[in-house]
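Asks: Just need the whole structure built from these sequences, with the hints factored in.
What follows is the residue order along each chain.
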Amino acid sequence: MDSPSDIGVSRRGLLTSGAGFAAVTALPASASNKEPVAPMETPPALPVQLKVNGKPAELTVDTRTTLLDALREHLHLTGTKKGCDHGQCGACTVMVNGRRINSCLSLAVMHEGDSVTTIEGLGTPEDLHPMQAAFVKHDGYQCGYCTPGQICSAVAVLDEIKAGIPSHVAADVAASPAFSEMEIRERMSGNICRCGAYSNIVEAIREAAGRRQA
Amino acid sequence: MKFDIPATTNPIDRLKVVGKATDRIDGPLKTTGRAPYAYERHDVAPGAAYGYVLGSAIAKGRITGMDLSAAKAAPGVLAIVTAENAGKLTKGNFNTANLLGGPEIEHYHQAIALVVAETFEQARAASSLIRVDYARGKGRFDLEAEMASATLPKEGFGGAAESKVGNFDGAFASAPVQLDARYTTPDHSHAMMEPHASTAKWEGDQLLLWTSNQMINWGKGDVARTLGLPKEKVRLMSPYVGGGFGGKLFVRTDAILAALGAKAAGRPVKVSLQRPLIANNTTHRPATIQRIRIGTTSDGKITAIGHESWSGDLPGGGPETAVSQTRLLYAGENRLTAMRLAVLDLPEGNAMRAPGEAPGMMALEIAMDEMAEKLGMDPVAFRALNDTQVDPEAANRPFSQRQLIQCMRIGADKFGWARRAKAPGAVREGRWLIGMGMAAAFRNNLNGRSGARVRLDGKGVVTVETDMTDIGTGTYTIIAQTAAEMMGVPLETVVVRLGDSSFPASAGSGGQWGANSSTAGVYAACAMLRDKVTAALGFNSADVVFEDGKVRAGNRSVALADAAKGGELVAEDYMDYGDLAKKYQQSTFGAHFVEVAVDAATAEVRVRRMLAVCAAGRILNPKSARSQVIGAMTMGVGSALMEELAVDKRFGFFVNHDLAGYEVPVHADIPHQEVIFLDETDPTTSPMKAKGVGELGLCGVGAAVANAIHNACGVRVRDYPVTLDKLLPGMPAFA
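From first to last, the protein sequence lines are chains A and B.
Be aware that the first sequence starts at 1, since it is given in the UniProt record's numbering, and climbs by one per residue.
Be aware that the second sequence starts at 1, since it is given in the UniProt record's numbering, and climbs by one per residue.
FYI, nobody ran anything at the bench for these hints, they're computed from the structure.
Just so you know, even glycine gets a beta-carbon here, dropped at the ideal spot from N, CA and C.
Any given hint might turn out to be false.
Stated by the list, open to error - Cross-link-like lysine-lysine pairs, in silico, BS3-like; alpha carbons within 25 Å at most:
hint, chain 1, residue 1, chain 2, residue 2
1, B, K231, B, K88
2, B, K233, B, K263
3, A, K137, B, K623
4, B, K91, B, K2
5, B, K459, B, K532
6, B, K20, A, K137
7, B, K623, B, K582
8, B, K532, B, K550
9, B, K233, A, K137
Said to hold, decoys possible - Where chain B lies over chain A, by a calculated footprint (3+ residues, C-beta under 8 Å):
hint, stretch
10, 44–50
11, 72–79
12, 82–88
13, 100–114
14, 119–132
Replies: So, in structure tokens, the structure goes:
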């Protein structure tokens, strides 16, 4: 498709107007060329009470603030990572009321009264959670940036299997899922590790689950 | 310390700490979320304001007008940086395009503004109120279409753009068995998990920059150059880097805009490139079109080997050096390599893990598989037959170590290669067609000058300081191991401080040169510290031994800590290399073996088993080195099966510019992986006798997967990635 006329009627297509040079205005999409942009008003800030790693946290946040940014920027719990801010990478995984979520896809004000567990709440460098210790032992990380999300996910995955929650690889969704490497790989696939530590991560999770190599 | 003759026995050879599989010393911090990355410096830059980057909406042309008024008036906005108000900026030595665009636009998503506000939400919202008028220029975005206009690039990092030995054309024309095939590799994105991020803080005219960067010394120079500051006014700190893969070798716009934003706002500012900007704003591995010709005798001896590659880059950029390995990997009297570079107005192409060899081996190692098939030879045997122990272009220049054949034979044995069916499509398990593939792995060893400072205090604690970075490679640990071995102390007594430009300049992390180079620098500094300790303790014997926290000679033994009783002892040195790398070709070798299953109906590919065998000098920490290799194997699966930046050839940008559209391997794609390191030391590389593995682990993997797919289903795909649409038309009839 070399000729813009092939493109059909689309905003982009119209903007090319078939010439080597064309005037283009980008953003805001709805405004015509010379219309002034309306002034932006300050959105309301709202109070929210959370329980984070067992401790109460009272915040007043911009209603647009994600749970991820509330943790990182307001509470300075920077162990939870921002990899994409779009729910595509899993680096921001935390547990809310015992279930894992992508904290970047959730607004802080939606979590009034919720109990949030972050990587900082699992263990400390001096007193590692068994999953954290297993990651160290099996070298289940390299750069470390996806690691808190992997670990939070892994802890929650073992609970999900225990609770009988089925996955995509379950042959029978009515049956209780059993621990297997494929179950782990499937359930962990929302947590990307570009360093490629997957093989070691699965070994770490297996150890933390108290399973020996099959 | 000079290193100009091959190493003899030295304290590292004791291998009490070095060479032992060791948990990373930074592990407890990383696994508990306590390791601070560049955007997380509430501790040292409290109250930092937030910067949000606006990227260009066109790929080429110019900005004819920017209306900032609404954005400036938006709640919380502190400053807006654009090319118009930024002052004079000079392009960095390592950058091809400017890091702040305007009025000229060089590529899509080139940064054109930074909005600084009290909060992230305010900065993001205000950025949407900037109105930009563009005049779109005509750009060149299609490598295929620009092949004819491609020219000979100047000699660069990958060596000469052309090489000729003997009479390639004649030898190829007369070869009884010939292959002439074309291969393509797409543009790749580093897609590291931590976005490019920086926090900037001005203390008077001194710039403090916490930034996610692999090469602190390069970065310091380019930040100073770009902003017009004396180098001594710039300090970079990068103690933790959330992945780089080459994408953080250079200063990017987050660092420059954070510095400019902090200046404009009069307070610290932090900037993290938004994920959807990264693919087009930063660098990528350029796509290649490659032609490979191999001619052999009827019994499989290569008589002619030719490899040509076309790639594109912005004006002033360089080629993807995809032919490099072909100059060294296989024997053959008549040889030809050539690169051609087209001008493309896509985002800047630059180094990504194993630049050159990664895409080059993806093509060459399919070609070798095809050739073996033509000859009716086993792929391992064909490669072994064409091994060479000398530089094929210079017979008087031996490889320092070359155990390619051993890697292949051991790998074949461990992997059960003998069970591979010679004919494609012959093995079936239910709905799955099963195949095995292999490829050679090859990547040169490079050494770089690398400095370190080592301190000994009165408690016997050894502290190492170097601007070297740990990008996931395990640098903290191998440096601690090196210092512990040299000073005769346990690992726990060593403190390692990295990534600060106030420390001695290191080789940095890139080109798999980091491990050997940086530990060699630490070796040099420790050797000097040992001399100081010896003198301080009044030893005059040349055979002083440092062991178990003690220094001993003859029957006199003194605690190491005693040497620093009168005050800390400090030594600083670097490793200065002679011409051993010229006398010997220093390379790393390996073999990759892969088993795949291809769904007979849908052509879905599942990787079932992977093995890498590597010969890469002394392995300093087998645990983290193995991780480097399995990580590279994982990236290799990505390049084989899914990774491709899709080019919009009309508007000149990478369409799939986030982690949903640019697919990388996830847990479910990767099986258990095995790695074997051959016991090897290379005394020509440094007193550490080590080489790199981080890129070796990637080289050849893509081809091994593609070859396994061919063995499974009989379809030969020469255009990566090997996706279902390319397999389905050739799949055997489904029964």
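Asks: Determine for every hint whether it applies to the structure shown.
Replies: Going through the hints against the structure:
no.	hint	verdict
1	B:K231 - B:K88	holds (17 Å)
2	B:K233 - B:K263	holds (14 Å)
3	A:K137 - B:K623	holds (9 Å)
4	B:K91 - B:K2	violated (35 Å)
5	B:K459 - B:K532	holds (16 Å)
6	B:K20 - A:K137	holds (14 Å)
7	B:K623 - B:K582	violated (31 Å)
8	B:K532 - B:K550	holds (14 Å)
9	B:K233 - A:K137	violated (41 Å)
10	44–50	violated (count 0)
11	72–79	holds (count 6)
12	82–88	holds (count 6)
13	100–114	violated (count 0)
14	119–132	holds (count 9)
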